[in-house]
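Peer 1: These are the residues of each chain, in order.
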Amino acid sequence: MSPVERVLRGLAITLVILFFMFPILWILLMSFQTNETILRVPPSMVFEPTLINYRSLITGKLQTAAGSLEIQFMRNLWNSLLLSTSSVAVGLLLGVPAAYAFARLKFRGSEDIAFTLLSFRFAPPLLVLLPLTIYFQQIGLANTYIGLIWVYQLIVLPLILWIVRGYFEDIPADVEYAYRIAGHSWFATFRKIALPLAKPGIAAAGLLAFIFAWNNFIFALVLASADKQPVTVGALAFVTASGIQYGQIAAGIVLSIAPTFALAIYAQRYLVEGLSLGAVKG
Amino acid sequence: MNQPVLHLDRVDKFYGEIDKGVHAVKNINMEVMPGEIIALLGSSGCGKTSTLRMVAGFESASRGRILINGREVQTLSPVKRNVAMAFEGYSLYPTVSVRDNIAFALKSSTVDATETGRLVEEMAEMLEISAILERFPSSISGGEQQRVSLARALIRQADLYLLDEPMGQLEPQLRTLLRSRLKYYIKSRNLTAILVTHDQTEANALADRIAVMEDGELQQYASPDQIKERPANLFTGTFVGEPPMNVFPARATVVDGSVQFELAGGLALRYPEAEFQESVRQQIIELKEVVLGVRPYAVKRREDGAPAQVMVNQWLGDQTHIAASFADETIVLVEHDRVRLSDGDTIAIHLEPDDLHVFDPVSGRALSHGRSMA
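Protein chains in written order, with this note's numbering: chain A, 1 to 282; chain B, 1 to 374.
Warning: the hint list may mix true and false statements.
Beta-carbon label-pair distances, calculated as ranges [what the hints assert, rightly or not]: (1) Ala173/A with Asp19/B: 18 to 28 angstroms; (2) Gln157/B with Ile139/A: 52 to 62 angstroms; (3) Ala173/A with Glu289/B: 26 to 36 angstroms; (4) Gln3/B with Pro196/A: 36 to 46 angstroms; (5) Gly70/B with Ile113/A: 40 to 50 angstroms; (6) Thr110/B with Pro196/A: 18 to 28 angstroms; (7) Asp199/B with Phe107/A: 36 to 46 angstroms; (8) Ile139/A with Val22/B: 18 to 28 angstroms; (9) Lys187/B with Leu105/A: 36 to 46 angstroms; (10) Phe107/A with Asp19/B: 20 to 30 angstroms; (11) Leu105/A with Val22/B: 14 to 24 angstroms; (12) Glu289/B with Asp112/A: 20 to 30 angstroms; (13) Leu105/A with Ser372/B: 51 to 61 angstroms.
Simulated from the structure, these hints should not be mistaken for laboratory data. Glycine residues also receive a C-beta, built at the ideal position from the N, C-alpha and C atoms.
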C-alpha cells in the first residue's frame, strides 16, 4: 500500500469513527452537565463537570424548576435487566432445541412453521398489541413480568430460532451420526456434539436477542405500568411539566447502554473465535 | 449353516417419494457371512454409500428388509444396530483431541479408563497416528484425519464394521502398509466388515467377496477371482480389471466346421468348432451379434495372428503396456517382459478361445467364458 493510500485510508476511517462516535461522546459529555450549561448558546466543550444527574437518577429524586419529582430510574433499569435476561433465557431454552429440530428433522410443514415464526417479525407490533392487551387483562397477565416475558418471545424467539438453525445446519450430519452410532442417544449427541459446535451461533443469537429485547419500547409501554416498566419507557418521565431534563436523559442513556455495551464487548471475543474456528487447517 | 451377519432382502432406496424420486438403490439382495470382508465396488453415485448408510441406519430403506444377525433392523435407530462405521468425510469431533475422538467411541461401553487408554494406544500404533494423539482434528492432515476416523470405528466391539472409503486419502506407500495391517486386524479377530471403495486394487486385496454396483443395481457378488475370470456381464467385465478388458462387437457364424467371429475392418477370428461346448456354440450362433471381451494379459502375439498396428508402447518398470489399433478399435496388451516396438509397427495378435468372454450386446449378460457357459 502506498503512503498516499495509507493516509487516505486513515482519513476515511477517522471520518467514519467521528461520524458514528460523536453523538455518543456528546451524550457522555452532556451527562456531566446541568441543563443550563447544555442549553447555552453557543455550545462549548468546556464546562465544570457535575455528578448531579447521576445522583438524582440513583437516589430517584429529580430536581426541576417546578420542584422535586420522584422517579424510578433504578427500578426501570432493574426491570430492563430482568425482562431482557429472562426473555433471552426462556428464548434460548425453547429456541435452541427447536432450531435443532428444524435443522435436523424433516417433518410435515416444518418450513411453514419456521416461516410463520419468522413472520412475527414482519408484523407491526401494534397489530398484536391491542387484542393482546384485552386478553391479558382478562387472564390476569397484564402488568406482570411473566406476561411481558411471554410477549417478548415474539421478538426473541424468531431471532434465536433462525440464527441458531443456520449454525446447526452447518454442522455436518455425519459428525453427529458418528457419535450416535458409537452408542450414544440423540439427546447426548445434541448435548455433547451439536451444542458445543453451535456455541458461537448461540452466543451471537443470544446477544442480538438481548439487545432487541433491551431496546424494546412499545410492548412495555402498553402492557406494563410504572413499577414494571423498563428503562426505555421509564425515560419518558424526564419529559416533565417544566421542560425536558437533558442532563438526566443523557445520564440515563449512559447508564442504560452500559450493560448492552459491556455484553457486546465481552461476547465479541467469542463471536470472533467462533467464526475463525475450523478455518485453521494443518 | 451359519447365519449371515447381514442380510439385505430386496432393498430399495428412493430419495424423494417412493417410485417417483431418485431410485438410488434397486432391489439389492445380498448376504454377508461371519468373518467375511466384503467390498462394495462401484463408481461415484452407484448407490454403494447409500447401501452402507441404510445398513448403519442413517438412511431408511424405502422397501425391503435389512437383517443383522437374523434380527430385522430397518426400523431400529443406529444405536441399537451395534454396527461401527468409518465415515468418508471423517466426521471427527472438532472440539476434542484425537485421543478423545477415538476414546469417545468407547465412552458408552463398559470398558474402564485404563483399558480404554491401552486400546487407543494400540490402535494408534497400528494406524501410525501415535504422534498426533494430543492434537486437534483441525490441525492434522486429511490422511491423518482419515486414519483417526478408521481408528474410532475399529476400536469398538461391533457385529459389523462399515468402512466408507477408509483409505482414499492416504499416500500409496502408507495405503499398502495399512491395507495389510487392516486385513490382519479384521481377520485375526474374526470380525465382519463391509468396505465401500472405488479402488479395485483395494477391493481385490482386502475383500473375500466383491459386490460390484452400478446405477443402483448389484451387478455381481462374487470372489475377486471369479469376478475377474467369470464376469457376469459386460459392465463387470470392463469395470473390474486394470487395464480394462478389450471389447469388440462381432458377428458369429459357423463356416466349414469352424466358429468364425467377424470383426470390424474385415478381420475374422476362426476357431475349430470343437473348441467350444455345444451349448455355447448354439447360443452364439443363435444370437449372431455378440460382444467379444478379452483381458489385456490374455492377448498373445503369434506369427499366424491377425494384424494390428502399434499406437503406444509403454514400459512401466515391471510390465509393458502396448496399445494397438485392431479391428477399428484399440486393443491393449500387457506383457511381462520389456518389449521394444515402435509406433506404427505391425504385430500379429492371437486370442485363445479359452480367454474369450462372449457377451450379449443388448442385455450385456455374459454368455460364455472360454469354453464353458457363463
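Peer 1: Of all the hints numbered above, which does this structure not satisfy? Sort the numbers upward.
Peer 2: 3, 8 and 12
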